[in-house]
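*Asks:* First to last, the sequence lines map onto chains A and B. For the first sequence, our numbering assigns the number 1 to the initial residue and increments by one for each residue that follows. For the second sequence, our numbering assigns the number 1 to the initial residue and increments by one for each residue that follows.
Hint data in this document are derived by calculation from the structure and do not stem from the laboratory. The reader is advised that the hints may include incorrect statements.
As the list claims (entries may be wrong) - Examples of chain A residues toward chain B, derived with CB under 10 Å: (1) Leu64; (2) Leu100; (3) Gly108; (4) Gly134.
As the list claims (entries may be wrong) - Here's a subset of chain B near chain A, in silico, CB distances under 7 Å, partners left out: (5) Met1; (6) Pro3; (7) Pro39; (8) Gly42; (9) Leu45; (10) Asp104; (11) His189; (12) Asn190.
Every residue, glycine too, gets a C-beta built ideally from N, C-alpha and C.
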Amino acid sequence: MDELIEITVTVNGTVHREQVSPRMHVADFLRRGLGLTGTHVGCEQGVCGMCTILLDGDAVKSCLMLAPQLDGREVRTVESLAEGGELAPVQRAFKEAHGLQCGFCTPGFLMTATALKESGRSLDREEIRDELSGVICRCTGYEGIVNAVDRVLNGDAVGVEDER
Amino acid sequence: MKPASFEYLRPESVAEAVATLDLYGGTARILAGGQSLVPMLGMRLMRPGAVIDINGLGEELGRIEARGSETTIGALVRYSEAETSPVIAERLPLLGTAIRHIGDRQVRNRGTLGGAIAQSDPTGEVALVALTLGATVLVTGPGGERELAADGFFVGSYANTLGPEEMITGVRFGVVPSRSAFFERGRKHNDFAVLSLAVVATPESDGTWHDVRIGMGGMNDTPVLARAAAERLEGARWDEAALAEAATLALRDADPPEDVRASAEYRAHLLPIHLGRLLAGLAKEPRHG
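Working from the sequences, and respecting the hints, build out all of it.
*Replies:* This is the structure we're talking about:
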């Protein structure tokens with residue numbers, strides 16, 4: 001058996017002390033170790049972006065990190081977005097702008113968009129597409145996703161906040 | 001996509017990392033950003049005895065330093081940091097531009113410059129820029145520190161002259177020519193390049209261009225310099241005929257590979273077209289001073 005390594009990691013505000021196998025990647029750790037199955041696993045080779053999480057605020061692919069690398073770090077997953085049964089603004093924007101169909105990729109887009117929003121950068125649609133290019137969607141054709149992120153970053157005449 | 005078993009080690013200094021590499025006698029791998037290593041572990045293209053995680057060595061390896069005419073970038077500097085670094089924007093604009101073509105945001109948030117050089121991907125942007133700008137790769141091993149010219153460091157596809165018990169600690173750049181341009185063509189957005197090109201040169205007030213260097217990625221087993229093309233343009237006026245000749249001469253230093261992304265013929269077809277356009281764009285830029 002692999003020698004387990006003890007890590008202390010904060011996930012969605014909760015501190016966890018866990019024993020992890022070095023060859024388990026972070027997406028598997030979140031899903032199997034902590035039961036946080038909102039982080040989806042697609043390709044497991046860093047191409048599809050489904051498994052994007054926030055590591056100390058930065059969007060990263062959780063299949064490309066080993067679980068012991070989480071020691072001392074702060075992670076946020078898609079489960080951190082909604083509060084008290086209320087969707088977060090970024091989630092509402094995806095819902096309203098038709099930013100998802102099957103929804104499998106959506107956690108990856110939501111976390112990538114959350115990092116973008118928190119960066120405070122103002123981006124045009126071309127730049128938004130570039131920033132989102134690390135997550136693949138096979139349903140939407142991306143237009144709805146870009147619309148949703150555009151609303152989140154730049155607001156809209158029939159803005160998400162207004163409709164609420 | 002699960003790696004074979006390995007020891008996971010977290011050294012607290014470069015010295016300890018190198019001692020560990022030495023201990024494992026070439027069977028250990030350094031884990032920096034992990035954006036290439038972790039998928040290779042998962043696909044079991046690599047089965048190292050130990051993975052040495054250097055992500056805790058930011059103090060030693062995470063700095064961007066401008067000293068006199070030299071700029072030194074620590075091996076652990078991540079692409080996203082380099083992308084937004086004012087020092088790199090001012091001193092190494094070619095590098096700043098090229099980095100935006102690497103992977104995607106998530107990859108750039110983790111991937112490191114040292115890792116890119118160690119990986120020695122024939123289409124790698126950092127390797128191409130290091131070669132084009134005549135950079136120096138800084139290396140530490142059990143025998144001490146070594147400085148290796150980027151020109152000569154890359155010796156084959158994913159191969160370099162780094163010893164198995166050595167690690168890259170940084171890359172150093174000198175003064176670079178005043179103008180630069182970068183181009184990349186891949187099958188899809190920010191995918192591995194089919195062709196990448198980096199050009200630097202300094203225009204003089206008499207209309208001639210100097211210090212011309214042209215690097216090509218994806219056109220050989222390693223990034224290579226288009227020496228014949230650069231010679232044609234060195235000290236010359238960049239008129240239409242000179243640029244057209246140079247663009248064709250670039251093929252002399254190319255031996256394009258055939259792989260899943262493109263045929264050798266297609267790569268050879270793209271090279272003069274895009275080099276010609278890149279050079280023409282550079283020649284047309286307004287010359288302030």
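*Asks:* Decide, hint by hint, whether the structure agrees.
*Replies:* Each hint, compared with the structure:
| no. | hint | result |
| --- | --- | --- |
| 1 | Leu64 | 5 Å, holds |
| 2 | Leu100 | 19 Å, violated |
| 3 | Gly108 | 9 Å, holds |
| 4 | Gly134 | 3 Å, holds |
| 5 | Met1 | 4 Å, holds |
| 6 | Pro3 | 4 Å, holds |
| 7 | Pro39 | 4 Å, holds |
| 8 | Gly42 | 6 Å, holds |
| 9 | Leu45 | 11 Å, violated |
| 10 | Asp104 | 3 Å, holds |
| 11 | His189 | 5 Å, holds |
| 12 | Asn190 | 6 Å, holds |
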